[in-house]
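A.B. asks: For the protein sequence lines, the chains are A and B, in the order given.
0 is the number of the first residue of the first sequence in numbering that gives the first Met the number 0; add one for each residue after it.
0 is the number of the first residue of the second sequence in numbering that gives the first Met the number 0; add one for each residue after it.
No lab work stands behind these hints, which were simulated from the structure alone.
Beta carbons are placed, not taken as given, at the ideal position from N, Cα and C, and that holds for glycine.
Please note that a few of the clues may not be correct.
Pair by pair, the computed Cβ-Cβ distance ranges are [stated by the list, open to error]:
1. Tyr-62(A) with Asn-170(B): 50 to 60 Å
2. Gly-221(A) with Gly-40(B): 35 to 45 Å
3. Thr-695(A) with Val-245(B): 32 to 42 Å
4. Ser-243(B) with Ala-620(A): 31 to 41 Å
5. Asn-183(A) with Ser-243(B): 27 to 37 Å
Pairs of lysine-lysine, BS3-like flavour, derived with a Cα cap of 25 Å [what the hints assert, rightly or not]:
6. Lys-19(A) with Lys-136(B)
7. Lys-83(B) with Lys-187(B)
8. Lys-617(A) with Lys-174(B)
Spelled out, the chains give:
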Amino acid sequence: MSQIKNMKQMEEKLQRADWKQSRLYLFCNFMALMIISAYSALMLSPTVQRVFPEGGDSRKQMYMIFVMTLMGCVVFTIYALGLFFRHKSGQLGILMALGASRRRLAPGLFREVIVLSGVSAVAGTIAGFPFVWMIWHAFRLLLVDSSDMVLTFDFRCLFISLLFLLMVVGFACLTAWRYLKRTNIMEVIREEHINESVKELGRWCGPVGFLALLAGAVLGYGAPVACHRWFHIYPPAWMSVLYAPVFVGLYMVMLHTVVHGWKSRKKNPYKNIISRSMMKFQGKQTVNNMLVITLLIAGGCFAIFYLPTNGISAMFRYASQPYDYFYNYQADQDVPGREEVEALGREYGLSFQEWKECGYVTLGIGGNDMIEEDEQRYHIEYVPMQSEAKVLSEDAYRVITGLEVDVKPGTYLNLTNQEETALGTNESAKEFTNMVTRRQLRTEFAGYLHYDLLATADTTCCVLDNGDYAQISEGLTDDWRGRFAAFNVDGKDSYSFANAFYHLFVSSFDETCERTAYYDRVQKIRENEEGQEYWGDTDDYVIISYESADSFAFRSFWVYQPDFRILNQNDYLRNMAVMFMMFLFIFIVCMITAMVVCYTRCQSIALNNRYIFDDLKKLGASPAFLDKEVRSQCNNVFKVPSLVGMFAMFLLFAMILYANDGRMVMTEWAAMGICLCIIGLIGGFIYAVYRAAVNTIKRQLW
Amino acid sequence: MLYVKELYKSYESGKNKYEVLKGIDFHVAQGEFVAVMGPSGSGKTTLLNCISCYVPFDKGNIRLGGMELAGLNEDALASVRNTKIGFVFQDFMLLDGLTIRENILVPRIVQGKVEREAEKQAEQLASMFGIGHILDKYPAEISGGEKQRAAVARSLINNPLIILADEPTGNLDSKSSWAVIETFNNAKTQMNATIFMVTHDSFAASFCDRVILLKDGAIYRQLEKWENRSVFQDQLLDAIKEMSSV
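Next up, chain B with everything else stripped away, as it sits in the complex:
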């Protein structure tokens, strides 16, 4: 589904150049729920932004659903973002002037005309994620957890190949975080969605099939979940501890 090969990305600040990603290699299979963890500055968010085509990368390859993203023109990249990727931001990024229903439908509106079928799908997603009762409310009128679930519903409205989530539980309390992770789980189990999530939260990451640990712009280690969630969370914490001490 998603292949990332030899990915490099650097930022320039004045005369200084900072290498943020130093040759990242990995792949994500269809229906897989993968998390990326690592300390601040390890390049997690930059990696996600490169995959989502939000920021250009220096060199390397990103293939999504068989399509090579490097070299696509602006229109083609916009089309990829709209149809092949669903993105969930840490701070939700809902449009304050639209209702939750309209926010969920934005990717469809961007495509062109909204048909009745799309509205039905939005209602289904909303009820699947427990936000059916707030569809006609505005973002300012609902909780953070509800906003993030609305954002997940929005990311799924175009049946994308992959959902990219940047710290989706970062701004939420534990109850809301749990609800959002449940939402991702539902998307994976009921819709066979592929999810690639950046997180600091080992509890959230323990729900994933696989966790990629990133350190200083390179992959430190990958862990797969073979046993139950709680054991996997312990393994993750040990690996993070080990990574921090190296």
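Pulled out of the complex, with its shape left as it was, chain A reads as follows:
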């Protein structure tokens, strides 16, 4: 006796029988929503929003990679849906051929796709939160923990997941409707066997693709720089189009891989002819998928390369600084003096040596400024009181650095780091201004001095002739005066002492110093006098608080943030933790997404070509031959996008590091070396997924 009495029961039984096909679709949907929900939850969490500067490059990069990940998720969700319907179409076609009308099939089909898409999408969305929570807490447990890293969610992030969820369900329903609408039933039945071949181009397309890739990278990166340097205009938004050759080039490289492969066939034109043909006839989607995989792997590498390129130079800087403790403070602040610090040191069993102290003044320095003409255009104009500068006398410089210096009257020497890559340099100053008396000292640039601890990105630091210094600093009040102090520990340093001293140091400042290094008092005075409001008084970005002296924002931006070697070395990872963890998370998400796309693409190649593998078996192909064919198919999907994605990003990073100052310094070489090691590790991971995909396909095919 038949257990099936009506259409609904039949559909339910068929769905149970097709569970394997549905499983891949469910898995892809679940993964996509989990990734989107986790990424958006973390990206929009107050924890991350607080740390990533608004309008800053790191935040833009985070958003950019999110868009790329979103694209990847859209691609593999749509693709998994396509696979699901390719299989489903045979069943639908048979039922249509046996007289089931659209109206009869529609309720069951829509119910099935809505349930499958909806349940997997909702489950994925929900799973995103424990997923991100687990990863974040694993980071905290295993890598680094700080007060900044307490993870909180802003549940408005669910809006993004909800949109994606609606897109998944909507697209599933649309696809179902498209299948039902088709009038050629034979096409529906044979859908599974239809090829998606790609238009063939000559063997030139691969090399030309690489050239386009290079041209796009150079043009896209170089054109905005040229805009600033030669034309003094802000690069217009359309200029991003100059990156377009990158995508065209990528497409051509992938197309070449799919259609021709990269090995010469002159000697043996029949070599790999079966695998090449199989690849070619699935070409369209394979090329599209390979493009997305490349972008995702490139995005992942972009995120993970951020860690060594930032970390190495900081670690090197800390290790090579000549003092264990180096700090400066405003003269009107009640900062602990030498006796007090030494007494604190004794509590920790420490004694100090090479104690150095000197005074400095903060003056207004003239310089070239970008004056906006309109929203697009600006010109460079000399402004007498452009910004603040910390100014030392020759004597003070000798005391604090132990180095000899001779500055001619009427000139100044500008401090920079050993590599001359520091940002706070100024070669164009014609005068210094005493901000209390408004007296000016005419001067001109006489060259650079190299001392890393005095060369900061935030404020220009200069050395004047002793006489000039005495003359210009006359009449300055204590809020425009400051002191540098430095000392070394006699023996082994103590983190506990450094931490205690740091908090004592911070707590000795009053609220007038509760500002960031970017808050420029000279610029504020000038702009206020011109009747303008200073940006630093309006932007939330510059607000920091003594209460969170251990936070990333405070330690990164406080104007008097000291350089305590042991504190910096130990806390570097902790201070940068949120940023690093976010980029590490982005890397994980991009790699998972890329690997899911690879895996589903390999699955679909196997599914679509299973008749060819059957035929090959019947024609006497050995297991070794079949094994080689499967590996060859998967190899193309995994290998080329991975190599192109990883090395394109490696070269881009090298280009950025070189373009920063027109050369590569030792720390940059070291960072690139670490990036190469990371590429090796990623390669190993991708190879493991590739092996798993090959083994799964082999199990499915024979």
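Based on these hints, arrange chain B on the given structure of chain A.
C.D. replies: Frame of chain A, contents of chain B only:
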């Protein structure tokens, strides 16, 4: 029973248009067993797909049991496919997730509720075609010949006006082919079924009352069986030979 008049069908591939059927005219009477033969690309399967309303045709008329098929809406066409036509595919097209009994009953399930009477009819058809013992098995568990006989039983479950069969023996060995042709013969003799079959196999075609030879989308010749099967098969082979040499 089935009237086909001035039937035209073409396919487009890129900028090229291929005329597959070029004004086909013929009719099939009630209870007649008719085969269509012809070389590959002659339009046999396209003709069958047009009659079964699986693919739309460009112009012409198809009348089945007095009903004009051109111009019917989707619902009406589905109803024709369900109640007036039984279709047998070359590769069986059974649903892998259902038992043979359930597969035979699919056209009834599509109609609505399956009554006890329908189940009885499925069992009768199965025993008539020698597959009564495999009713509770799944397609993956039975032979190709058994699958095709199950497909024939499925095509008959709604007592259609005509059975359309597309190379029903194409994927079968000779023993199974024989069993399937026997099945069609039984349907014709015991149920007065009308059968229209596309085939390459002159042995299978020799069991028919009439054979239509198709060449380049047009009817080349029609042959009727007046004498015994073996003589008819020889006549068919001669006609095919002649057609190939023209």
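A.B. asks: It remains to establish, for every hint, whether it holds in the given structure.
C.D. replies: Outcome of the hint check:
| no. | hint | verdict |
| --- | --- | --- |
| 1 | Tyr-62(A) with Asn-170(B): 50 to 60 Å | 56 Å, holds |
| 2 | Gly-221(A) with Gly-40(B): 35 to 45 Å | 58 Å, violated |
| 3 | Thr-695(A) with Val-245(B): 32 to 42 Å | 54 Å, violated |
| 4 | Ser-243(B) with Ala-620(A): 31 to 41 Å | 35 Å, holds |
| 5 | Asn-183(A) with Ser-243(B): 27 to 37 Å | 31 Å, holds |
| 6 | Lys-19(A) with Lys-136(B) | 20 Å, holds |
| 7 | Lys-83(B) with Lys-187(B) | 16 Å, holds |
| 8 | Lys-617(A) with Lys-174(B) | 22 Å, holds |
Violated hints, in rising order: 2 and 3; the structure is consistent with all others.
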